[in-house]
Every structure is written in C-alpha cells, then in structure tokens.
Amino acid sequence: MAVIAEHSAPTTPVPNLRPSGGVTDGIREWLLKRGILWGMTQTPLLAILGGVFFHIGSYRFLVLPMLVSFIALPVWVAYRKKVSTDPDEPVHHLHKYALWALAPAAMFSVSRIPLHYMIGIIYWHPWYDFGTALTGTALGGQDTLAVGGLLNAIQGWSIGVGFYILFKRHSLINVLLYVAVWVSALYSYTFGAYSRVGLKSPPIWHASMAWAHWWMALTLWFIPVFYARRWARLRTGQRATAVAIGALILVIPSIFAQWRAVTWEFPKQTAIDQGLFNRPNLVSLTGTPTLRSTGTDAQYSFALRLGPRDYNNWFKQVRTLDAKDIDVTGTLSQNGTTIAWCDASMGSVPSPNGIVRPLSFPAALQSTKFTDIPVTCRGPAPATQTLQGNPQVTVAWHAQMTLIGGREQQTKEFTGTQTVPVSLSG
Amino acid sequence: MSAFLAQNGVMLLVFGVFLVPAIFSRRMERSDYLTLVIMPIGTFFVAILPGVIIYGFDKDAATYLLGVLIVIAVATLNYRSQRNLNDRDGQTAASAAAAGER
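Line order of the protein sequences matches chains C and G. Using this note's numbering, the first residue of the first sequence is number 3, and each one after it goes up by one. Using this note's numbering, the first residue of the second sequence is number 3, and each one after it goes up by one.
Hints listed in this document are in silico derivations from the structure and should not be mistaken for laboratory results. Some hints here could point you the wrong way.
[As the list claims (entries may be wrong)] Cβ-Cβ distance ranges computed for the label pairs, FRET-style:
hint, chain 1, residue 1, chain 2, residue 2, range
1, G, A8, C, G59, 31 to 37 angstroms
2, C, S86, G, T78, 28 to 34 angstroms
3, C, Q411, G, G18, 47 to 53 angstroms
4, G, G92, C, A74, 40 to 46 angstroms
Idealized CB from N, CA, C, for every residue including glycine.
Construct the entire structure; sequences and hints are all you get.
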C-alpha cells in the first residue's frame, strides 16, 4: 500500500522500536525530552478544564500557573537546547510546532461552519463561558465572545503543540488516534458531565465534535507534510499566499462568530426575550387569601405566581426567566369596602441559571418553573367579622418588576382583580 | 433504541470512518504507541472516574471508554504489524549481509 508523506522530527530513517535502557531511564529520558515540555504547553487546557469544567478553582486563579509556565518555558527550552545531544528532541523544533499548531486549532471551528447551516451546530456558545470566566464580563457580549474565542484558540493550539511534542512520528494514524478519537471521546464526556447545563447532547452533537477534531487532526498532519515537501520549493509570492491562507483560517472562526452574533444571535435572543416578557398570565394570583391573625389589626396573606419561567434560549439551552426589584401593592375589599391593604417587595427570585453542574440543573429548574411571591395584607380587625358569614373578597393587586431574559431586561407592570373566598383557617 | 446505544453506535461508526485515512500513513514509534496506551488510561482515572463515581456511569462515560478501546486496539494492531515488518526487514538485511561476507 502506498504510504503518503510521513513527516516526523526524527532524522534517523529506521525507527527504533526497542527500548535502549531500563524502564526508569526510559521514563526519565521521556520526561526530560518530552514530558516536561508537553506539561508546560498544556497549562491553558488544564486551566480551562479546572476552572470552567471541573470547577476546582476560579479560572482567573488557574491562569496563574499558565502564565508561570509560559514564563518558564523559554528558560527550559534554553537549558535543554544547551544540554541536549539529540537533534530529534522537540525543544529544537518548538518554534515550528508553535506555528504549525495555529491553523489546526482554527480548523476545529472552521469545519463546523457548514454544520451551523446544515444542522444548527453553534460552535461559539462555549466561548462566552470561557470569556466570562476570565474577564467577568457579561455573557452575550461581543467583548466576552472575542476573549472566549482567543482562549478557545489557545486551547486548540495547546492540543496541537502537545501532539507534535508527544509524538515522534507525526503520521496520520498517530494524530487521528490522539486527536480525532481520544480527544473527541474526552470532550464527549467532559462537556456532557461538566459543561452542557440545560442542553441536550444528542448523538449528532457528539459526532459533530468528532468531525471538528477530525479536521483538526488532518490539518495537524498536513502542515508538517506541506512544510517538508513544498515549502522549500515555493517562491516568495507562493509563500506569502500560503501564509495568508493560514492567517485567514486563523481569523475566520472569530470573524464568523462575531458576524453571526450581531446579525443572527442577538436579534434571535431579543425576540425570544420579548416573547417571554409578553407571555400571557405571566403573573397571576395563586390560591386564595388566608386570614393569618387578628389582633389590633387583621393580617392576611396571599401569593402571586410568576411563571412559567422556563424557556429555550438562542442555542436551545433551557434557561429561566429571572426577575428583580419586585414591588407589589394591593387591596382586599368586600362589597366595595376595603378591608386590608397589601404590599410586598422582593429583591430577586431564585434562579437556577447560575448552576454549573449539568446534572444538578433539572431538579432546580423544576423547582423554579413557577415562583410564588408572598404578599402580606393588613386591615382593621372588625372587618373580619363580616367574613364569617360571607368569605368572598375581591383581591386587587399591582405588581412591578424588572424581568431579565437572556439578553434584555424590561421593567413591567402587571395588574389583576379577582373575587375569591378567604380562607379563615390560617 | 435507547439513547445509550444510539450515541455509542453512532460514535463507533464515526470513529471507524474517521480512522480510514490512517491506512495511508501508519508510522508509529514505540514511544508513540506507549503514549497512545498510557494517556487515555491515565486520563480515565484523573478526569473520568471521579465523574463516574459522583454521577454514575452514563452514555458519555461509555463513549469515552469506546474511544479508549478503539485507540488502544488500533494502536496495538498497528504497532505490532510494524514491529513484525521491521523484524522481517532486519532479518532480510542480516541475511544479505551474511551472504555478502561469504
């Protein structure tokens, strides 16, 4: 069978398939030549996994080891270059690996642009999580998206550089097994268990992730082959064209994401929010007023119910409509005479939107699908006497609150009047 | 069909199809092979097992194991076939050298 280019760092034509020393020596040599360098270049991945997925610490804190590692990297490279007698050692080729890994990182996203139109895959929505984890800026902002895109590119770059460092042979089989199969399988688990809150992950989603890693793997293989076979023979103009194509691939994911965010995502989420804010009967009286106590004043209570609050946002993630600065006023009256005056205020309603564990979300969502706002009323005690014979009262209420959707906020007023019996058992 | 079988059936097919181009470029050193065996197993204990203990074994954990099995099986088959090829090449070269000496 024909074997296509087999670029690799080794200069020796016949691979050494046997260990040259003991196991301990082999591990020590591997660590010095590849392991430590690989570990240093994987800190961006470890930061995002630890900070955004596993939540073992804040991402901003976990960025510190990344910065330390990137400061220490030139020192380690200089040291190894000085003591290394092996021309195949990755430190001698790190500058090339760093450049070669750029375009494959972008191909991870570029390859999903067609899937966006074909099956609705949205590759940039996790970027908001990455961006906000570092900067604290609001989800849904273009600045958050830009920072998240950069972090995503750095993570992809880490995987690519990691492959070039770890593997002596940059063959298709190595890169496909490492990136297209293993990294895809790792993503399938970590995204499902630790990241995709309120999202379904059907088989097509898992396949699309593998598709993206497959293209990334093919590009990781192609670039060294192109460099080894073609680069030296290219004229200046052809080299400039090749670099321009690489640069274009690099920037396309962010440009496309920013463009789609402005022209499609933001209008879509705004329309969803407006639909939410105008849901019929979003605030309604629930149950009946209850006479709580009688003394100098009579005290009653009732509740207004906010909901249903759940909805699907622009990337089909289940979210809840939030509300803050809630103020309620009202009256209880009987036969046209006011028997109690009511008020309530609430800073905000409980929300599951901040939950970071996918498996914790469904129960929290269920408990917040409807939220009751307790309202207390007070009035003269003698008025309760008439309730013994005729418990029917008219509840008139007015509620004002700021509704918070996925992108928009709107202060809205709700009113209602309903004649219901008072429960005297309270 | 259950979601478990549907997802892992699709991913088995996807991984299988995506590995087809590998037949054109199959060089694998011993250290490459060991990396492909050790890395997924080590990651299982560090990144997957804690989640399985907390949340239980689900379809996503099964997809990880499926990927690991494919990586280890394909890498082992490929590495063994390469080693046999190299051994044969080595014997041929040694025979030729011996014949030349005579």
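Hints numbered earlier in the text: which of these fail when held up against the supplied structure? none
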